[in-house]
Each structure stands twice: as structure tokens, then as C-alpha cells.
Amino acid sequence: MGKRKDLSDFDKGQIVMARRLGQSISKTAALVGCSRSAVVSTYQKWYKEGKAVNRRQGHGRPRLIDARGERRLARVVRSNRRATVAQIAKKVNAGSDRKVSEHTVHRSLLRMGLRSRRPVRLDHVDGPVRVCRLPGEHTQQNCQCYFNYERVDFNTKKAFLLSLLKS
1 MGKRKDLSDF DKGQIVMARR LGQSISKTAA LVGCSRSAVV STYQKWYKEG KAVNRRQGHG
61 RPRLIDARGE RRLARVVRSN RRATVAQIAK KVNAGSDRKV SEHTVHRSLL RMGLRSRRPV
121 RLDHVDGPVR VCRLPGEHTQ QNCQCYFNYE RVDFNTKKAF LLSLLKS
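For the sequence shown, the UniProt record's numbering gives the first residue as 1, with consecutive numbering after it.
Be aware that one or more of the hints could be misleading.
To be verified - Derived Cβ-Cβ restraints for the label pairs, each shown as a range:
(1) ARG71 - SER8: 43 to 53 Å
(2) PHE10 - ARG72: 33 to 43 Å
(3) ALA94 - LYS48: 51 to 61 Å
(4) GLY60 - GLU102: 20 to 30 Å
(5) TYR47 - PHE10: 43 to 53 Å
(6) ARG82 - SER41: 55 to 65 Å
(7) GLU102 - ARG71: 50 to 60 Å
(8) GLY33 - VAL53: 46 to 56 Å
(9) ALA94 - LYS45: 18 to 28 Å
(10) ARG75 - SER41: 41 to 51 Å
(11) ILE25 - LYS5: 18 to 28 Å
(12) GLU49 - ILE25: 41 to 51 Å
Worth flagging that the hints you see were computed from the coordinates, not collected in a lab. Backbone N, C-alpha and C fix where the C-beta goes; we use that ideal spot for every residue, glycine too.
Using the sequences provided together with the hints, build the complete structure.
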């Protein structure tokens, strides 16, 4: 395996045209910015096979839900926006010869950008704090109104406490 990336189709075309116009191997390599051996092998491949481009096949297993399946999946989701992944998978499998799992449907929905829940809007606590709630410092004079929050601690009551850095 070489250390450089493969030559683009444009570079291969440049190599073939430069060699056909009579350029030397070294000048062609300098023009394209590749090694001399790449020039030789590209030109030989073109000379023997008639084409210099190399179309590689896709790698890995093909997806069960392809572009057409994603469009169908989007239609199913639009028909019932409150449906669970299990219900969506059941509807998709009902009209298709390929059976897909709930996990595959979920991954496809995430790849399509369809999330199950919308983010909840929370009030931001940054900026001046109206009332200082530090233990032992209940007067506003003793309290700084601008805080740097070090971390957020969650307790068992599902509320959160802000650990403050005193400035």
C-alpha cells in the first residue's frame, strides 16, 4: 500500500494527455505532482485497457433501508408522528418483502434527523442573579451577582445545584 492517496480521475487524465503529447515521465510527474511510477502505471493501464479511471465498488454490507426505503419510512412517520419505533417498524415490515428490526428503523430515523423528542427549552441562569442563595450569605451586599459555574450536581429529588466558583 502506498502512503499517498489515490490519483483523481482528473490527474489520471492529465497523465494520459501529457504522455500522448510527448512529455517525458519526469515532467509529467512534476506537472501532476505524483511519483514517476504512478505516471508509468497509469499510462500503461490506459494503453492496455483503454481507460485510466478505476471505479471502486462500495465497501461493507449494503443497507437494508436504502434511499427509497428512507422515503417510505418518512411517509410512515409523517402519517403518525406520535408512533413508537416498534409501531413504525411493524408498518414498514407490513408492506415490504425485506424485514427490518426496530433497531435498524431507529438507526435510520436518527440518520435522517428524526429524533423522538424535541429539546426542552430551559431558562438560562447566566447574567446577574437576582437573589443570592448561598448558605450563610443571605444579604445582597455580601454576594457577587456574577458567578462562574464549575459543575451541575443532580440530587435525588431531580433538582440540580450549581457548584459555584467564588470570584
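CB of ILE25 to CB of LYS5, is that within 18 to 28 Å? holds (21 Å)
CB-CB spacing for SER41 and ARG75 relative to the 41 to 51 Å hint: At 49 Å between Cβs, range holds.
In this structure, is the beta-carbon distance linking GLY33 and VAL53 contained in 46 to 56 Å? violated (18 Å)
Can the suggested window of 50 to 60 Å be confirmed for the beta-carbon pair GLU102 and ARG71? Once the Cβ atoms are compared, 20 Å apart, the range 50 to 60 Å for ARG71 and GLU102 is violated.
For the range 43 to 53 Å, tell me whether the beta carbons of TYR47 and PHE10 fit it or not. The hint (43 to 53 Å, Cβ to Cβ) is violated, given that TYR47 and PHE10 are roughly 19 Å apart.
Distance restraint evaluation - ARG71, SER8, Cβ atoms, bounds 43 to 53 Å: violated (32 Å)
Regarding ALA94 and LYS45, is the given constraint of 18 to 28 Å on their beta-carbon distance met? For LYS45 against ALA94, whose Cβ atoms are near 50 Å apart, the range 18 to 28 Å is violated.
With respect to the beta-carbon atoms only, verify the hint that ARG82 and SER41 lie 55 to 65 Å apart. holds (59 Å)
Has the hinted range 51 to 61 Å been met by the Cβ atoms of ALA94 and LYS48? holds (53 Å)
So does GLY60 sit 20 to 30 Å from GLU102, Cβ to Cβ? holds (22 Å)
Using the Cβ atoms, figure out if GLU49 sits within 41 to 51 Å of ILE25. violated (19 Å)
Is the hinted range of 33 to 43 Å satisfied by the C-beta distance from PHE10 to ARG72? holds (37 Å)
Hints 1, 5, 7, 8, 9 and 12, counting from the list given before, are not met by this structure.
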